[in-house]
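Model the placement of chain C on the given structure of chain D, informed by the hints.
From first to last, the protein sequence lines stand for chains D and C.
Under this note's numbering, the first sequence has 1166 at position 256, and the numbering climbs by one with no breaks.
Under this note's numbering, the second sequence has 1103 at position 193, and the numbering climbs by one with no breaks.
Calculated directly from the structure, the hints in this document are not laboratory data.
One should not assume that every hint holds.
As the list makes no split between identical chains, a pair holds if one copy fits it or if it spans any two.
With a Cα cut of at most 16 Å, we get these calculated EDC-like pairs of lysine to aspartate or glutamate [unchecked claim]: (1) Lys-1066 - Asp-1097; (2) Lys-1124 - Asp-1012; (3) Lys-1248 - Glu-918; (4) Lys-1124 - Glu-1016; (5) Lys-1248 - Glu-934; (6) Lys-996 - Asp-984; (7) Lys-1158 - Glu-1174.
2 protein chains.
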Amino acid sequence: MNYDPLPEFRRCPATGRWVIFAPERARRPITLAHTEPHHRDRVNPGTVCPFCEGNEKLAADEVYSVRPDGSAKDSPGWELRVVPNKFPALRSNMASTLPALDPFFEIRPGIGNHEVVIPCRHHEPNPAKLTLDQYAALLVAYRERMLALASGRLWKYAQVFQNVGAEAGASLAHLHAQIIALPMVPDAIQSEMAFAEHVHDQRGNCVYCEMVAKELAGGSRIVRETERFVAFCPFAPRFSYEFWVMPKSHSAHYEFTGAAALRELAGLFLELLPALDAVLAEPAYNIFLHTSPLTPLGQKPAPMPHYHWHWELIPRTARAAGFEWGSGCFLNAVPPEKAAYELRQQLPALHGQ
Amino acid sequence: MNYDPLPEFRRCPATGRWVIFAPERARRPITLAHTEPHHRDRVNPGTVCPFCEGNEKLAADEVYSVRPDGSAKDSPGWELRVVPNKFPALRSNMASTLPALDPFFEIRPGIGNHEVVIPCRHHEPNPAKLTLDQYAALLVAYRERMLALASGRLWKYAQVFQNVGAEAGASLAHLHAQIIALPMVPDAIQSEMAFAEHVHDQRGNCVYCEMVAKELAGGSRIVRETERFVAFCPFAPRFSYEFWVMPKSHSAHYEFTGAAALRELAGLFLELLPALDAVLAEPAYNIFLHTSPLTPLGQKPAPMPHYHWHWELIPRTARAAGFEWGSGCFLNAVPPEKAAYELRQQLPALHGQ
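Only chain D is shown next, with the shape it has when bound in the complex (with noise of 0.2 Å):
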């Protein structure tokens, strides 16, 4: 049998859900041993690292860099690289022809733009080791990015994440985050902004902003505070020692955050990461981030008084099983002040407390 193998949007008739299929995702190499999913750094033997220094040529062509020393593009010499994805989820270069279908049946080209973020040229696998102009430089690039598949004007929405050990699933070891436009705004943030609109038409307020004030209140779920900044352990996590990372005042699109203010949070994460790295052993974890729709070159960004951007980390520690992808509805053992309680335990002490 012959199957399309270009990729597609599908939506489901009887849930409304969007789902891509990636035909060139199955053809993607996977160095990471899989069979020791809590070993972050442990890798099949006999596979060259295409994100290490020197290896550029086994990676595509940057599409952006930090080489303080003025080296070449795609030469060694960098900090950072972006290259798109050499198997991606999405292509975007494909003609938007699809043949007449019964409307039942909602399908739409697979376009869309798959980039790889290489935070280091060493092979390093754990976030947690990278140095604050890394950290700092990772954080800008995300934001540089964002801008940039902005101006094509194609794209509505850009999804920043990064899978830390196979059973987070990585599938490369040496740290690298990923970043996929999308030609619609997805699922899980249309509800996320249709909640925080509903509230805020009922309020007058953001509910981002309401949480921070509460939580700040509180402090049992606090795990760290900054200047502009605030990690804590959410009220009704989905996952043991998820937290959740965002600026204290209201701001809805990362794309716009200042240098100085995204130095700021990558020495948080610097103090986060080590942290849950000693309360679970170094566990396999995503982070994702939560943020506003692009905005198209030229425009002003949309006001957005009621949603908030923010970062999610939820470590991979217990398994998703029937109840929960049957019911929606997640079980979770570890109360999130019990999470936030042993998760300051493991931070620096501040000055001054």
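Then chain C, alone, in the frame of chain D:
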């Protein structure tokens, strides 16, 4: 620090999601070796199976059983047993006394009923190895327990599910299913029913009846059809080789299905599961039931012209990662037409074809 060990429901103020805090789950025994996630029958050494015949005293007292030999309760001789989960996600006998809290952080007592259904007395980890009598008794046990749970009027929904393999969240190898009765209809069911009701308002049809008709007419995603049921890979599945099984005629309440139909359904599963084992080399998977809320004893079942019970089976061959958890949009490398074709190839030939 002292944390309340009682289970509770909490609602996320930012997303509206309900989560269950189940501290007792952290104490349940894990005998399946999680370092070998794809081996369904590899157990940690030195453990005794509480579900094997002769070990009845290691599990809680049975609330339902099939004992053709008339043997005594909680003794050997059974064909199927249902016992309360010794490490329940929720408690059925908890006083509803919670401190008054900020209404921003919604909290409810963690009441519910968590049972385990053991469909064979021998240490069999693979549902595909059940006999037709055993599988039919399992499907009948779900029905009987749903009817019994409805009679207490406390429970609004019963989530039936089965985790096969450690990668799918199973902690004990001996084949077992679980039923969690809830005091509320869970988020995934509410949202599925709301979507189906919206379709019904617009087109006057049950969207599942429409889907059955269109899938049967098209044929490319059908895996197997029997007199009353059809199994197919849905148009937009989240997981590779995911399939759904549902009655061809409209039916909203699983627990009012007759014995002959359930026996036919059991026979269908016993064709599907070996085919899945053949295509994916005995994968880990979850099976769960989606059906209408429970009908209180003495009341007529709600008509529910828009909803339609069905089983979903999700193989756990790929892991949901940062993109999926962040965006809610799933990446799937295998088109359902290809999955259905491969599954069909592994089915026994039908008479007359």
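Next on the checklist: Hints numbered earlier in the text: which of these fail when held up against the supplied structure?
Outcome noted: none
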